[in-house]
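Novice: Okay, here's what each chain looks like letter by letter:
There are 4 protein chains.
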Amino acid sequence: MSTTLKRRSFASDNNSGIHPAVVAALQAANAGDAVGYGDDPWTAAATARFRQLFGADAAVYFVFNGTGANVLGLSCVLEPFQAVLCARGAHIDVDECGAPERAIGCKLIPVATPDGKLTPALIAPHLTGFGVQHHVQPGAISIAQSTELGTVYTAAEIRAIADVAHAHRMVVHVDGARIANAAAALALPVRAFIRDAGVDVVSFGGTKNGLMLGEAVVLFEPRFAERAVYLRKQQMQLASKMRFIAAQFDALLAGDLWLANASQANRMAALLARRLGDVPEVAITRPVQANAVFAIVPRAIIAPLQQEYFFYVWDEARSEVRWMTSFDTTEADVAEFVAAVQRAVDAAAVR
Amino acid sequence: MSTTLKRRSFASDNNSGIHPAVVAALQAANAGDAVGYGDDPWTAAATARFRQLFGADAAVYFVFNGTGANVLGLSCVLEPFQAVLCARGAHIDVDECGAPERAIGCKLIPVATPDGKLTPALIAPHLTGFGVQHHVQPGAISIAQSTELGTVYTAAEIRAIADVAHAHRMVVHVDGARIANAAAALALPVRAFIRDAGVDVVSFGGTKNGLMLGEAVVLFEPRFAERAVYLRKQQMQLASKMRFIAAQFDALLAGDLWLANASQANRMAALLARRLGDVPEVAITRPVQANAVFAIVPRAIIAPLQQEYFFYVWDEARSEVRWMTSFDTTEADVAEFVAAVQRAVDAAAVR
Amino acid sequence: MSTTLKRRSFASDNNSGIHPAVVAALQAANAGDAVGYGDDPWTAAATARFRQLFGADAAVYFVFNGTGANVLGLSCVLEPFQAVLCARGAHIDVDECGAPERAIGCKLIPVATPDGKLTPALIAPHLTGFGVQHHVQPGAISIAQSTELGTVYTAAEIRAIADVAHAHRMVVHVDGARIANAAAALALPVRAFIRDAGVDVVSFGGTKNGLMLGEAVVLFEPRFAERAVYLRKQQMQLASKMRFIAAQFDALLAGDLWLANASQANRMAALLARRLGDVPEVAITRPVQANAVFAIVPRAIIAPLQQEYFFYVWDEARSEVRWMTSFDTTEADVAEFVAAVQRAVDAAAVR
Amino acid sequence: MSTTLKRRSFASDNNSGIHPAVVAALQAANAGDAVGYGDDPWTAAATARFRQLFGADAAVYFVFNGTGANVLGLSCVLEPFQAVLCARGAHIDVDECGAPERAIGCKLIPVATPDGKLTPALIAPHLTGFGVQHHVQPGAISIAQSTELGTVYTAAEIRAIADVAHAHRMVVHVDGARIANAAAALALPVRAFIRDAGVDVVSFGGTKNGLMLGEAVVLFEPRFAERAVYLRKQQMQLASKMRFIAAQFDALLAGDLWLANASQANRMAALLARRLGDVPEVAITRPVQANAVFAIVPRAIIAPLQQEYFFYVWDEARSEVRWMTSFDTTEADVAEFVAAVQRAVDAAAVR
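Residue numbers (the working numbering), protein chains in the order written: chain A, 1 to 351; chain B, 1001 to 1351; chain C, 2001 to 2351; chain D, 3001 to 3351.
The shape of chain A in the complex, shown without the other chains (with noise of 0.2 Å):
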């Protein structure tokens, strides 16, 4: 069932490769000895980089992947009897397999949301049972950025959830799995949606723009931070190696590299979903605003597409499909695509 793919992947931004610069960061960090564990040039490097976007402050530690950066950042954050409240079919509540609540014992709360972007009134409803013994006690906000349905958040928007969070003794968790998809498409330094939004702890991926594998939890408090690094550790996501995922950071936050990756991710999904306006028997679904595009297609042409392509469909009661792009889905890929698309729905009609 193993499956190489001929074509470039619409499935996920997972399933690209690694970048070429970071390819020869890794390269250039493999020369000679180092000290495990984070103490090494590379660990404090990226850590610099870091502290340049979010402030010389800011408290970073390097993780495995997506799950990890997650569960360590709200793990930082939480006691065992709060609750975590979040956009259904966000990742934490349904791609993690439960990790948060069997990692830090917490209840996510799952809130329904057309666009995967929570509001201060899609949250009110769930502010309750503070103090009460009975309840678990609301204790943070998760959203992403972008988000699981390829929505932004702006800056403002932001805010205005901290600030419901933060009235209530909470805290602000941003799943960054796409963060630089999101920095991208809102044209603002990274502090200014997260850190100065309010935003308490932020899992900043790379894994999805070009690295092999890495994700970093930055913590904005010492409060917060000081659990950290043992959290870390016991939730098996200390790197011994740690200076080969500290440098593909290193490369990628170099020259603003991270930006251009995810740059070109969203253009080529803006790209998609406009030639896709040439197909009639394709009804784009939603704000094409980061690097995902969500469609209902003729049920039909699923199948055979998929043999060409490989991706998901997102729901099947609706046809709804996901394609998602990469930092290097190319102009000619998507081209290529939509030729597929097109062919596909005229086969079908000849069915």
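You may find that some hints are simply not true.
Among the chain D residues that face chain A by a calculated CB cut under 8 Å, a handful are [as the list claims (entries may be wrong)]: (1) Tyr3037; (2) Glu3079; (3) Pro3080; (4) Phe3081; (5) Ile3109; (6) Thr3113; (7) His3126; (8) Gln3133; (9) Tyr3230; (10) Leu3231; (11) Lys3233; (12) Leu3238; (13) Ser3240; (14) Arg3318.
Read the hints as simulated data drawn from the structure, not as lab findings.
By construction, the Cβ of each residue, glycine as well, lies at the ideal position given by its N, Cα and C atoms.
Got chain A sorted already, so can you dock chains B, C and D onto it with the hints?
Specialist: For chains B, C and D alone, kept in the frame of chain A given last:
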């Protein structure tokens, strides 16, 4: 405080970099897109190699690091009210920040050993409390092969432990972070001292033997293995771009590179021990069977020597240090290091 | 703020005291010494009574409280990566401070219901993700009998749910904190709508039906039961002087006192609902099938009435309150309470 | 196998029944309805009594059993990556089926002691690893007062331990399942050897001193106490009809019944030890400072004596047994028991 090492480190085998063949494999795997999470040809190929080693029905799960491998493996075979017997000083007991207790709920019962190796006689006093509801139920015996003290179990010694375990309906777990060093030392097929000796689950180490990162959990019982796929994800050990871990293992196991690497490390440890025989102030304290050398040294040489070579003091009270060799340690490295030891001894004598 | 109630409470059936026969049993059990932790004649006797109800091979574990019973029962049948489907608003979901998530690691998936009762149709959309490593695996369907909304499942309704569960290799858990009220309402042997209807594990409530404290977890599958004895201890639910919980249950089950108690509570709830029919300002909102009465009341009467009778507002927005009857509620209590409601309504009208 | 004991048990103080004054209090509390979960006058009264003992700002949480008290108390003061130092053989280490590890995530580090009592010197070697991410962080020192071996710490000994703990930013936990026996033995106000000696959190036992069931967790630091109310619920230790636990404690603490009960138990243990002095075949092995008597006995008498009196063999290898007295042990009970021991010795000699 970050340290770049000018010389070959004798601190730990995880201070080494990546073997060139592994780097080449990473680069080769970076060709186009691939489905994530293990449904790719590299994962299939690496899994096949493990099945050549352990049998066609072995279940193989790639994870990020050694703690992750140990916790995943143990969690597949244990109930949360069970206990793990291990050697006092075992990595799972003292170097994983309590990850097994936290992630599984189990209790670890450390057993004092003279040489890092458990025996049926050492285990016997702890085989108590079966069926008594107040007590954790002994569920697993976990051994390290090679051990944290650089010693190696024979196949017969493991068989004897497994017989005891199975007689009590317990299972045997092997922390094989350095399993290659053991295989090289024993000059036996790895299956002979693992599966054929009665081991139920093994952490097969890659990181300390030339990988950038990557370990494999190998299980032989279907009833254990069916939990693994979900527990790996829940324990935050599922790589999205799995191919890049698998490709490393594929390269490591190809042409027995893993054994060549480990043999080199072992040979260099033996050489180091032999050469240190010329320094009468340094007393080797443990059998050098794998790639670790333990020695009691004049207390006065430790700090000066650490200026040149980062390494760990193992037992402050006894002035005992640990030096480790790696796949890339050379005879020249050893000679240079022994000369530095000699210089430090001489300098200390002068003062 | 501590409150002693001058009148009969209609707040909850746990506001009642201990039934006199149960007090007598406690006193009778207080005769000399007995071995602790359940190896005593009272525990044997109470266990035998449960086996008369559920079958000679039922496994019975006494615990302290309802949350403890639910968590123990679920933990016997679940893996930590599994999920529990339950009605939104179920006690396990909203009134146990996240104990299931914390103690088991599992995720709870609340399903909206019109009346507190799950159905195969409501469950169906959540039977997804089987075999997909990213997703928690649906493992149990948990229903309350009677429900938190005072409704009662028929045996056929439970059978239908169990058939769905078992078709998906899932199990059925019943939160029977008020199982006696359901049995009384259905006028069926409890086995008919539990074991014979396909239920795998049940929390059998005592505290809300006349005990000082005490619940029983009853399991029908040996493979689940063998975990229970250790999990009960590990989950801090093993009473040392077990005889005093067992003796209470022995008294409760003797001569069907449990059914008599529940019948009285149910009758008083029906009476209360009937009498409230004379107060047009009060609208009963849910079928009164067990011992709970839900009503929308003029917002202005709530605070004044709470001065006389402590009770809970169920839904602030709708001005819906919950009133519960108990084994010791009398017709006079009901009459007195309805009169108080009428007075509050009259007083509100005047203002 | 269930056993009703014809004679007074010397197996454990939890083999006793309920003190008559406590039974009376239970009956008195069974008067009408009361709000659940602790918002009742009995809980207020019992809390006030604890505050008389420990200070007006003590936070008091009633729970069901000793394991629950220890776990709740420790969980209020610990992070999951911290470790608890305790005496080897401590109840939390060997008699709670791993509840602390499971519920908190922490590691227990047992320290060998000659007499069940930790000392700064015994603790010192374990005060390591602070600040090192690989290692669990020593977070609490847990002592039992009186100990599982029937010994009692002086106030100065506890003070010395607390000084060590606080110097390392650790806290001190007391498992006071038998705190009354210690208070009676020391003839000191309990505050003198608990709060004033630097203890941060204590499990105050009731069950072993005449209650049907009930323990109290007492905390002195607001920052720890604010977690307790939610953790108690989440750990399944919140009684709905709380008044019936509180009323028992109210009776136990009134008129110093708790001290009278414990004094009687202690006196009977001293008497038992003295009388056994007349049986030369029986050698008392440990100081009799509270209500436990340990003795090495002829192996041949154990089984015959257990026919008459259920008790536990403490150390099979040494043929050492544990006998415990209780609040209701009488001089006649002791005489009768010693006579039985003598008979068993005589009978064994004949064979």
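Novice: Decide, hint by hint, whether the structure agrees.
Specialist: How the hints compare with the structure:
1. For Tyr3037/D, the shortest C-beta to C-beta distance to chain A is roughly 7 Å, which falls under 8 Å, so the interface hint holds.
2. Given the 8 Å rule on beta carbons, the hint for Glu3079/D holds: about 6 Å separates it from the nearest Cβ of chain A.
3. For Pro3080/D, the interface hint holds, since its Cβ comes within 8 Å of a Cβ in chain A; the closest pair sits about 7 Å apart.
4. Of the supplied interface hints, the one on Phe3081/D holds, with its beta-carbon coming within about 4 Å of a beta-carbon of chain A, less than 8 Å.
5. Taking 8 Å as the C-beta cut-off, the interface hint given for Ile3109/D is violated, the closest approach to chain A being about 16 Å.
6. For Thr3113/D, the shortest C-beta to C-beta distance to chain A is roughly 28 Å, which exceeds 8 Å, and the interface hint is violated.
7. Against a cut-off of 8 Å between C-beta atoms, the interface hint on His3126/D is violated, since the closest Cβ of chain A lies about 17 Å away.
8. Contact between Gln3133/D and chain A, as hinted, is supported at the beta carbon level, the nearest pair being about 5 Å apart and thus within 8 Å.
9. Contact between Tyr3230/D and chain A, as hinted, is supported at the beta carbon level, the nearest pair being about 4 Å apart and thus within 8 Å.
10. Taken as an interface hint, Leu3231/D checks out: its beta carbon lies about 6 Å from the nearest beta carbon of chain A, inside 8 Å.
11. A cut of 8 Å between beta carbons decides the hint on Lys3233/D: the least distance to chain A is about 5 Å, and the hint holds.
12. Nearest Cβ of chain A to the Cβ of Leu3238/D: about 7 Å, under the 8 Å cut. The hint holds.
13. Violation of the interface hint for Ser3240/D is found here, the shortest Cβ-Cβ separation to chain A being roughly 10 Å, above the 8 Å cut-off.
14. Annotation: Arg3318/D was flagged as interfacial toward chain A, and the flag is violated, the nearest CB pair being 39 Å apart, outside 8 Å.
Of the numbered hints listed earlier, those contradicted by the structure are 5, 6, 7, 13 and 14.
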